[in-house]
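Colleague: These protein sequences, in sequence, are chains U and A. Take 1 as the starting number for the first sequence in this note's numbering and just add one per residue. Take 1 as the starting number for the second sequence in this note's numbering and just add one per residue.
Any given hint could turn out to be false.
[Stated by the list, open to error] Distance windows between CB atoms, simulated: (1) A/Leu151 / U/Gly85: 50 to 60 Å; (2) A/Ser33 / U/Ser173: 54 to 64 Å; (3) U/Gln105 / A/Asp134: 52 to 62 Å; (4) A/Leu116 / U/Asp101: 51 to 61 Å; (5) U/Ser173 / A/Thr109: 48 to 58 Å; (6) A/Asp47 / U/Arg104: 40 to 50 Å; (7) A/Gln27 / U/Pro222: 50 to 60 Å; (8) U/Pro74 / A/Gly94: 39 to 49 Å; (9) A/Leu63 / U/Gly220: 43 to 53 Å; (10) U/Ala188 / A/Met36: 24 to 34 Å; (11) U/Arg104 / A/Met36: 30 to 40 Å; (12) A/Ala86 / U/Arg104: 34 to 44 Å; (13) U/Arg104 / A/Gln90: 28 to 38 Å.
[Unchecked claim] Listed below are several chain A residues computed to face chain U (Cβ distance under 10 Å; list not exhaustive): (14) Arg6; (15) Val8; (16) Leu64; (17) Ala87.
[What the hints assert, rightly or not] Simulated pairs of lysine-lysine, DSS-like, Cα-Cα distance not exceeding 27 Å: (18) A/Lys123 / U/Lys34; (19) A/Lys11 / U/Lys43; (20) A/Lys124 / A/Lys39; (21) A/Lys4 / A/Lys39; (22) A/Lys124 / A/Lys11; (23) U/Lys41 / A/Lys4; (24) U/Lys41 / U/Lys76; (25) A/Lys11 / A/Lys123; (26) A/Lys124 / U/Lys43; (27) A/Lys4 / U/Lys263; (28) U/Lys76 / U/Lys34; (29) A/Lys39 / A/Lys11; (30) A/Lys68 / U/Lys43; (31) U/Lys43 / U/Lys76; (32) A/Lys4 / U/Lys34; (33) U/Lys76 / A/Lys4; (34) A/Lys4 / U/Lys43.
Don't read these hints as lab results, they were simulated from the structure. Ideal Cβ positions, reconstructed from N, Cα and C, are used throughout, including at glycine.
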Amino acid sequence: MALIDHRHVLKGLTVQEAMRRQVILLPQEANLEKAIRYAIKYKVNAILVTDSQERALGVVSKTDLMGAYYAGLPLKTPMAAIMIGPPRFCHLHDSLDVALDLMRQSGIHRLYVRADVPDLAVGVLAYPDIVGLLYRYCRRCERSILRMERGERQEGKEEHFRVRDVMTSKVTSFPEDASLVEVMEGLAAHRLAAVLIQSPAGLPVGVVSKTDLILAYKHGLPAHVPAETIMNAPVQDCDQDEYLALAIQQMIFSDIHRLFVCKGDPGEIVGVLSLSDAARFRSGTCRACLVSRIAV
Amino acid sequence: MGEKARDVMAKQFFTLRPETTIATAVQVFRQASQEMRQKVFGLMVTDPDGRLVGMLSMYDILLLIRPKHTHIWGEMSDLELDGLFAAACQRGKGIQVGDIMTTDLITVTPDAPLLLIIDIMIKKHVRRIPVLEDGRVVGIVYLSTVFDRLLDRLAGAG
Numbered sequence: 001m002a003l004i005d006h007r008h009v010l011k012g013l014t015v016q017e018a019m020r021r022q023v024i025l026l027p028q029e030a031n032l033e034k035a036i037r038y039a040i041k042y043k044v045n046a047i048l049v050t051d052s053q054e055r056a057l058g059v060v061s062k063t064d065l066m067g068a069y070y071a072g073l074p075l076k077t078p079m080a081a082i083m084i085g086p087p088r089f090c091h092l093h094d095s096l097d098v099a100l101d102l103m104r105q106s107g108i109h110r111l112y113v114r115a116d117v118p119d120l121a122v123g124v125l126a127y128p129d130i131v132g133l134l135y136r137y138c139r140r141c142e143r144s145i146l147r148m149e150r151g152e153r154q155e156g157k158e159e160h161f162r163v164r165d166v167m168t169s170k171v172t173s174f175p176e177d178a179s180l181v182e183v184m185e186g187l188a189a190h191r192l193a194a195v196l197i198q199s200p201a202g203l204p205v206g207v208v209s210k211t212d213l214i215l216a217y218k219h220g221l222p223a224h225v226p227a228e229t230i231m232n233a234p235v236q237d238c239d240q241d242e243y244l245a246l247a248i249q250q251m252i253f254s255d256i257h258r259l260f261v262c263k264g265d266p267g268e269i270v271g272v273l274s275l276s277d278a279a280r281f282r283s284g285t286c287r288a289c290l291v292s293r294i295a296v
Numbered sequence: 001m002g003e004k005a006r007d008v009m010a011k012q013f014f015t016l017r018p019e020t021t022i023a024t025a026v027q028v029f030r031q032a033s034q035e036m037r038q039k040v041f042g043l044m045v046t047d048p049d050g051r052l053v054g055m056l057s058m059y060d061i062l063l064l065i066r067p068k069h070t071h072i073w074g075e076m077s078d079l080e081l082d083g084l085f086a087a088a089c090q091r092g093k094g095i096q097v098g099d100i101m102t103t104d105l106i107t108v109t110p111d112a113p114l115l116l117i118i119d120i121m122i123k124k125h126v127r128r129i130p131v132l133e134d135g136r137v138v139g140i141v142y143l144s145t146v147f148d149r150l151l152d153r154l155a156g157a158g
C-alpha cells in the first residue's frame, strides 16, 4: 500500500490497488433466474454479460433485474434481452482519481478493469471497494478517530466528519401496505437502492432494497403484495452525530450498504448514509484530507 | 479397473428442495453427517419428481455467510468479530437453497466407468458426482470412496 498523504488520500493510487479481482460474469444466454442467483450468491450489484470468449458485451444490474420484475418478464428470459451495453472500462494502471471522476461523470456505480486485451475484464471497481481502501487508510492514520476509540489518542476530535456532514437528507419512505410495484416505482424515480418502510404511526419499521425485490421476483411473489411481506427489520441506523469513520466501520463489518440516520430518537429518521455517499466524499473521514474533497 | 459408477456410488443420500431455507439446510447437513457417519460437504437438490436441479455445498453457504469485505479484517486483529458473525448468520437465514445452489452440474449414469469418474474429478475439481438414471437421482459417488477403492486395488497389486 502506498504511503499516506494527509492532504490527498487517493493521490498516486492506481485502479489495480483498489479493484476487486473476482469478476462475476455469465454468458449472454444465461437467464434472469441465474443472474439473480449469482447476484445473491456472490453479493454483487451487477453481472457482466459475455460472449463465448468471455469478452464483455453488457451488464445486468440489480436495477435491470428489478425492472424485469416490474415489467413481468419471465425468469427464463435471457440476460441479453435486458443487458445494458457496452460496459464501461478503465485500465489497471489508471489513477483511482481518474476512475472515480469517470464513474461520477457517467453516473455509474462500477467500472470494469482491463489490462492489455480490450473487453476482457480482469477486475471490477465499485464504490464500496474504494470506501474499503479509504477505511484502511483512515485506520492507519495517526489522526484517526478509530485510534481515538481505542484510546490511543484523545485530541483533535473536532476535525473529524460526522455522519450529518455526508448523509443524504432526503429520505424516501413508503407505508407498510404499499405494494412492491409502488416501491419499485419509487426506487426507480429517485434512483435509490432502498427505501424506508413506515408504520401507520410514521415510525420506521423496515427497509426494502433492490436485493429484497429481486429475491421476491425469483421466489415468484406477485408484485402487488405489500412491502411488509419482504421488508428487512429492524432498520439499521446510526445517529447523525456519529463519527463518519465509525459509521463506515459499521457498514463494512456488518456487510450493509446503507444506514438510516436518526436524530437522537431512533424513531426520527433524518437522512441516509450509503457507502456510495462515503466514496463520493472520497477524501477520507476527517478534514485533514479536505483538499481532495469534491461535491457530493 | 472394470468397475462402474453403480459399484462405488452411495445409494443412501440426503436431498434438499430449492425452497428450503439455508437455516434448515444446515440442519440437514448435520443430520446427514451423523447418519452417514462421515462429514457431508455437499447435498443434491431435487424437485418433487426426484429430478436433480442443483447442488449445494458447504462452500456455497460459507460464501453467503462471509461478509463481502473480509479482506480488510486481516489487518485488524483488535476488532471484536463474534457479534458480526452472528449477524451474518442471521442475514443468511431467509435465503433459500435455490437462491445460491450451483446448477452447472456434472453427472454420470450408473454405467460410467470408474476411470472416467476419476478423470472428471481431477479435471473439474469436483468431490462428488450425482448418478442419474432416466433423469432421476439413484446415487452419488464421493471422491473419498473412489480413493478408498483405488487404495484397495493398489494394496492388492502390491
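Colleague: Does each hint hold? Answer for all of them.
Modeller: Verification of the supplied hints:
Remark: the range hint 50 to 60 Å for leucine 151 of chain A to glycine 85 of chain U is upheld by a beta-carbon distance near 52 Å. Hint check: serine 33 of chain A to serine 173 of chain U, Cβ distance near 46 Å, so the stated range 54 to 64 Å is violated. Checked against the hint of 52 to 62 Å, the C-beta distance between glutamine 105 of chain U and aspartate 134 of chain A comes to roughly 57 Å, which is consistent with it. Leucine 116 of chain A and aspartate 101 of chain U have their C-beta atoms about 54 Å apart, which keeps the hinted 51 to 61 Å range intact.
Restraint check, serine 173 of chain U to threonine 109 of chain A: a C-beta distance of roughly 56 Å satisfies the suggested window 48 to 58 Å. At roughly 46 Å, the beta carbons of aspartate 47 of chain A and arginine 104 of chain U sit within the given window of 40 to 50 Å. Taken as a hint, the range 50 to 60 Å is violated for the pair glutamine 27 of chain A and proline 222 of chain U, whose Cβ atoms sit roughly 30 Å apart. A beta carbon spacing of about 24 Å between proline 74 of chain U and glycine 94 of chain A contradicts the range 39 to 49 Å that was offered as a hint.
A hinted range of 43 to 53 Å is violated for the C-beta pair leucine 63 of chain A and glycine 220 of chain U, which are about 24 Å apart. A beta carbon spacing of about 49 Å between alanine 188 of chain U and methionine 36 of chain A contradicts the range 24 to 34 Å that was offered as a hint. For arginine 104 of chain U and methionine 36 of chain A, the Cβ-Cβ distance of about 54 Å falls outside the hinted range of 30 to 40 Å, so the restraint is violated. Between alanine 86 of chain A and arginine 104 of chain U, the C-beta spacing of about 37 Å keeps the proposed range 34 to 44 Å intact.
In this structure, arginine 104 of chain U and glutamine 90 of chain A meet the distance hint of 28 to 38 Å, their C-beta atoms being roughly 35 Å apart. Given the 10 Å rule on beta carbons, the hint for arginine 6 of chain A is violated: about 32 Å separates it from the nearest Cβ of chain U. Because the beta carbon of valine 8 of chain A sits about 30 Å from the nearest beta carbon in chain U, more than 10 Å, this interface hint is broken. The beta carbon of leucine 64 of chain A comes within 7 Å of a beta carbon in chain U, closer than 10 Å, and the hint placing it at the interface holds.
Given hint, alanine 87 of chain A at the interface with chain U, holds; its Cβ is 6 Å from that chain's nearest Cβ, closer than 10 Å. A C-alpha spacing of about 24 Å is found between lysine 123 of chain A and lysine 34 of chain U, which places the hinted pair at or below 27 Å, so the restraint holds. Straight-line distance between C-alpha atoms of lysine 11 of chain A and lysine 43 of chain U comes to about 35 Å, which puts the hinted pair past the 27 Å bound. This hinted pair checks out: lysine 124 of chain A and lysine 39 of chain A have alpha carbons roughly 21 Å apart, not beyond 27 Å.
Of the supplied pair hints, the one linking lysine 4 of chain A and lysine 39 of chain A holds, its CA atoms being roughly 24 Å apart against a limit of 27 Å. Proximity of lysine 124 of chain A to lysine 11 of chain A is assessed by CA-CA distance (about 23 Å); at most 27 Å being required, the pair is judged to hold. With a C-alpha separation of about 35 Å, the suggested pairing of lysine 41 of chain U with lysine 4 of chain A is violated against the 27 Å cut-off. Between lysine 41 of chain U and lysine 76 of chain U, the direct Cα distance comes to roughly 19 Å. Compliance with the 27 Å bound is thereby established for this hinted pair.
Distance restraint check for lysine 11 of chain A and lysine 123 of chain A: the Cα-Cα separation of roughly 25 Å lies within the 27 Å cut-off, and the hinted pair is therefore satisfied. Using a Cα cut-off of 27 Å, the hinted pair lysine 124 of chain A and lysine 43 of chain U holds, with the two alpha carbons roughly 24 Å apart. Simply put, lysine 4 of chain A and lysine 263 of chain U have alpha-carbon atoms about 69 Å apart, too far for the 27 Å limit, and the pair is violated. In summary, the hint linking lysine 76 of chain U to lysine 34 of chain U is supported, as the alpha carbons are separated by about 9 Å, within the 27 Å threshold.
A hinted pair counts as satisfied when its Cα atoms are at most 27 Å apart, and lysine 39 of chain A with lysine 11 of chain A qualifies at roughly 16 Å. At most 27 Å may separate the alpha-carbon atoms for a hinted pair to count; lysine 68 of chain A and lysine 43 of chain U meet this at roughly 7 Å. Distance hint between lysine 43 of chain U and lysine 76 of chain U is fulfilled; the C-alpha atoms sit about 21 Å from each other, no more than 27 Å. Proposed proximity of lysine 4 of chain A and lysine 34 of chain U is contradicted: the alpha carbons are some 33 Å apart, above 27 Å.
Proposed proximity of lysine 76 of chain U and lysine 4 of chain A is contradicted: the alpha carbons are some 36 Å apart, above 27 Å. Distance check on the hinted pair: lysine 4 of chain A and lysine 43 of chain U sit about 40 Å apart at the alpha-carbon level, beyond 27 Å; violated.
Hints 2, 7, 8, 9, 10, 11, 14, 15, 19, 23, 27, 32, 33 and 34 from the list above are not met by this structure, while the remaining hints are.
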